Every structure is written in structure tokens, then in C-alpha cells.
Amino acid sequence: MRDRFIQTLCQLAEKDPRIMLITGDLGFAVLDDYRRRFPKQFINAGVAEQNMTLVATGMALEGHVVFTYSIGNFPTLRCLEMIRNDSAYHGANVKVVSIGGGFSYGQLGISHHATEDLAIMRSLPEVTSVSPTSLGEVTEATKAITLTAGTCFLRLDKDKGPDGPADEPFVLGRPRLLRKGSDVAFFTTGGILSEVVKAADQLALAGINASIYSVHTIKPIEPDRFIQAARSHRAVVTVEEHTIHGGLGGLVLETLADAGSFPAKFLRIGLDGCFSSVVGTQGYLRTVYRMDAASIVQRTQSLLSS
Amino acid sequence: MNSIPSMDTVDLAKRVRIHALHMTSTGGSSHIGAAFSIADILAVLYGQIMRHDPKQPSWAGRDRFILSKGHAGAAVYATLAEVGYFPTKQLKLHYQDGSVLSGHVSHKGIHGVELSTGSLGHGLGVGTGMAKALKLAGQDQRVFVLMSDGECDEGTIWEAALFAQHHSLENLVAIVDYNKIQSLAPIAETIALEPFRQKWESFNWSVVEADGHDHNSLVKALCTLPAKSGRPTVIIAHTVKGKGVSFMENTVLWHYRTARGEEFNLALAELEKS
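Read top to bottom, the protein sequences are chains A and B. Each position in the first sequence, counted from 1, maps to that position plus 945 in the working numbering. Each position in the second sequence, counted from 1, maps to that position plus 16 in the working numbering.
Simulated from the structure, these hints should not be mistaken for laboratory data. Note that this is a predicted model, so its numbers are computed, not measured. Ideal placement from N, C-alpha and C gives every residue a C-beta, glycine not left out. Be aware that one or more of the hints could be misleading.
Claimed, not checked - Taking beta-carbon pairs under 8 Å as the criterion, some of the chain A residues facing chain B (in silico): (1) 990; (2) 991; (3) 999; (4) 1000; (5) 1002; (6) 1006; (7) 1008; (8) 1027; (9) 1030; (10) 1031; (11) 1035.
Please work from the sequences and hints to get the whole structure.
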């Protein structure tokens, strides 16, 4: 996803001299093409993410569209107050890009697991938060946040999500229906969509038809899809490589409750209130924390038969 | 285009202090000592040094000013009102329910404030970004960031200091209100900053020391910027917390205390006869 982001940013930067990319001393090799082509639109702020965010705000207030770039929690949690007080409160065109959503850097340990960022960023007023589920959505999301005034958050995953054409257009804030079923509605965000697609394929073999929705935008959100799905399916299941507290699961539940529309059965799949202290690949950790395709199948079947 | 206003900065500072006293007493707010500490710096900046136009707060040619020590916001509001950004009668609303004049300086609904602050250690980094953008655009506007001494405990100050010197931001001017008292005790007893000048010098900034209450000293420091070509400048302004009211000067107490009753009358009398 990060390569697709950089490719898209190169296309945008060529036409828009306001675009500035500031990295917190990360992006070895990945940023080379951008740096070579747009040296005047690139800054390495060094290992100083908070100052990176402050500088980005100052430059944005002077007219730039500034992308801050780092991994995991560094550009988000570490800089939370700068994003809140400076970028967001001033409506500054700062686009916070975090590569390494969820367990993307699973082997590197807890410091590099981004498992609360969606919940935390989602709570910030006037911050658009986007978590693409496929490469096509990365392209669209990068373009969309560039055009969106104010502060945005783009969460990129190592898992590039499933291939395949997108039937529905990408509209910021509107979940995309990727597959239509009638038994269970899956809402997912990030590259873990690939596990959800595999799970839906396996469930189909067992006679369970699943709808799949990409919730690529966490904020703002149009509630209609959640409400319709709750009414037309036997169960609603959210899947996120993230804590189930306050992230996508929280978003869907809050939205449904606000609308007075309660699904017959509901399940949040994700990290359940614990630190992901186990070390391993993204795929391994999904298995350990019961959010891989096989776990999604088993947990969905249990939910439907309960 | 409007450039540097010329006014009696000593009288301006006096009026700023009197406003700040009224504002904090009426509102029941803290930080009068911090506001008095920077009154002369603000008067010199807005009265003599900065290019700005109260009639056009967003004029692109203006020098930028950030109060990073947002808790002294009363003094900035008073200065902005006195130089014409909004009516001085609006100052009565400071700290009141529904007011746009919050205790810590805020840009919402107010002309002339570049950045809302209140959490320390943010202003220099944002100012650094502004200076970088202005330099890239080939503009000659300066960015002034007024910080407190205790604020220099924040690591982000030194992150910004590194960045600014690396990028040779000679259009960036940090001013440290060095009154040597922080929240609970003197700086020296809390987290000592000395040798302070050498810290900035070692970060490759040009350092100018000034008497933060002597307008000639401040003008001298601020009228020949950058102090050294290719480097950001820090002006270490030696100040007295609570300056202008004898019983408030150099005390930790008046970081927080609100002047009421007889204390208010005594303070006002001292300021008015100054």
C-alpha cells in the first residue's frame, strides 16, 4: 500500500506544487523516486515526529498541503496533541500518513503494532480518517484527502488487500459494497479485507452467504449502509486489525444504536482489550488473535448458530 | 502597504499591563505575573518592530507572531486591542462565559492571533514551519515566537531548534521571556536551564541577550535581524515576573494569584503612576 501511496503522491505532486512530503527519517528506498523528482517538495525532519507535525502545521498554514510520513504509532499517537491542537484545530492541510497499520510490523514488537490508532484518531473533531482495504482504494484515498480541506489521517497496511475490480466508486465516507449476500454482513477496514474475502468464500461453501463492505473511511461516515445491512442480514460482523474498542466495531455499533437499528446478532472481531505482545508475521498474529480467515469462519458460524 | 507602526511603546506597555490587570481580576484568572513579564516585549514588537496591519489581519506581507506561552494570552489580547485589531471594550469579556477571549490565547473569532496555544512547546515548531514555507517562497516576512523559560523544559523546543538551524531559517526569531521563575519554584530549583546562552549557541543559533523591560535594549536586539546571516536568532530577554507591580515582582505566588480588593487597587495605582 505504501508504494501505491507514493506512486499516487508523485502524480499529484507533479501537478500541485503545494504538496510537501515530510518524513520522520523513514522510507529508505521507498521514497527515492519522490525525492529524486520533487526535491523541493520533500523534507526529512529527522527522528522528531512531534516537530515534524508542528512544522507541517506551520507550512500548511502558509499554504502547503503537507503529508507527514512515518510508521505505526509514531506519526499519530506520539503526535496526538500536535495533531489535535495545532493541525486539526487550525484546519491545517496536514495529511498524517501512517504505514504499518495493525500487525504490519508484527515481528518488531508492541511498539510497532498500530492497534489503537483508528479509535484515537476517530475521536478527533474535524479529522478525516481513512483506512483503505485495497490498492485501488489507496489511490482513491490519497487523491481524496489531498482535495479534502483540513487535517486527514491515512492508515496504510502491509497487506495490500485483495485484487479485483471495484464495482462501486470510491466516495469518502461511504462504505463500498464489495459482495452481496443475505446471511451475514461483514464490515471491514484495512488490508484484513483479504481475510474476510477468504472467509466469505469458505462460508459460501457451507451455504452461508455473506455481504462484504469496505469501510475505507472511518470518519466521516454515512450511516445508511450499516442500517440497511442490520435490517437485511441475520448477523453483522466487524473485522479490524485493531482493538475492538472504539475502532470500526465501535463505529458500527454507535451508528446503529444512534439510528435505533439493532442487528439480530452482532460480533466484533479484532484485538480484544489486550496488548499484542506475541511476535510474528502479520498472518501469524491474525491467527493468534483469532482474526484470520479460518477464525472468522468459525466465529461467524458460532454466531449464526447461537 | 502598511509596515512598521510607530508609537510610544512605553505607554503601550503600561496600557497593556493595566488591561491585563483588569482582565485577570474581572475574570478571576491566573498568570498576571506572566502577562506583566512580556508586556514590554509585546509593546516593542507591535509598536515598533513588526510589519503588520490591524485593518488587514491576514495581509500576506505581515510578520508572523506566535505566543507559545499561551497562558500569558491576556497581554496579547490587550496588545492587539490597543493597536487596533478589535475594540478595547471587548477585553472585558476575557474569561467570561461564551467569550472568544479564552485564558490561553486562541485564534477563533479573534483577528491578529496566528496560533492558538496553551500546551507548551508547540509554538516554536509551528513557527519553524511557517518560516520554512516563507523562505521557500522567497518571502522576507519574519516569524517571531515568544516562549517562556520553563517552556524550554519541553523536548519539542529543542527538536525545533535543531530543525531551524539545519534549514538556516534566518527569518525565525525566538524570544525567551527569561524571568527565571516557573510554575512551582525558580527555574534553578526546578530544571536548571543554565548555561542557557551556550545551549542555544551549541544548537547553532545566534544569541542576543537583552533587558526585556528596557525598550531601547529590546529595539536594539530586534532591529538588526538576523543577528547572524543564515542562522535563526534567539533573543534571551531577561525579565522580571510580575514586572510593574512591586509586590508581584519575582514571586511564584503571582503566577497563579488573582488581584482582588485592596491588592487590585494597589496594583492599579502603581501601574497608573508608572
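For each hint, the structure was consulted:
no.	hint	in the structure
1	990	holds (6 Å)
2	991	holds (7 Å)
3	999	holds (3 Å)
4	1000	holds (4 Å)
5	1002	holds (5 Å)
6	1006	holds (6 Å)
7	1008	holds (7 Å)
8	1027	holds (7 Å)
9	1030	holds (6 Å)
10	1031	holds (6 Å)
11	1035	holds (7 Å)
The structure agrees with every numbered hint stated previously.
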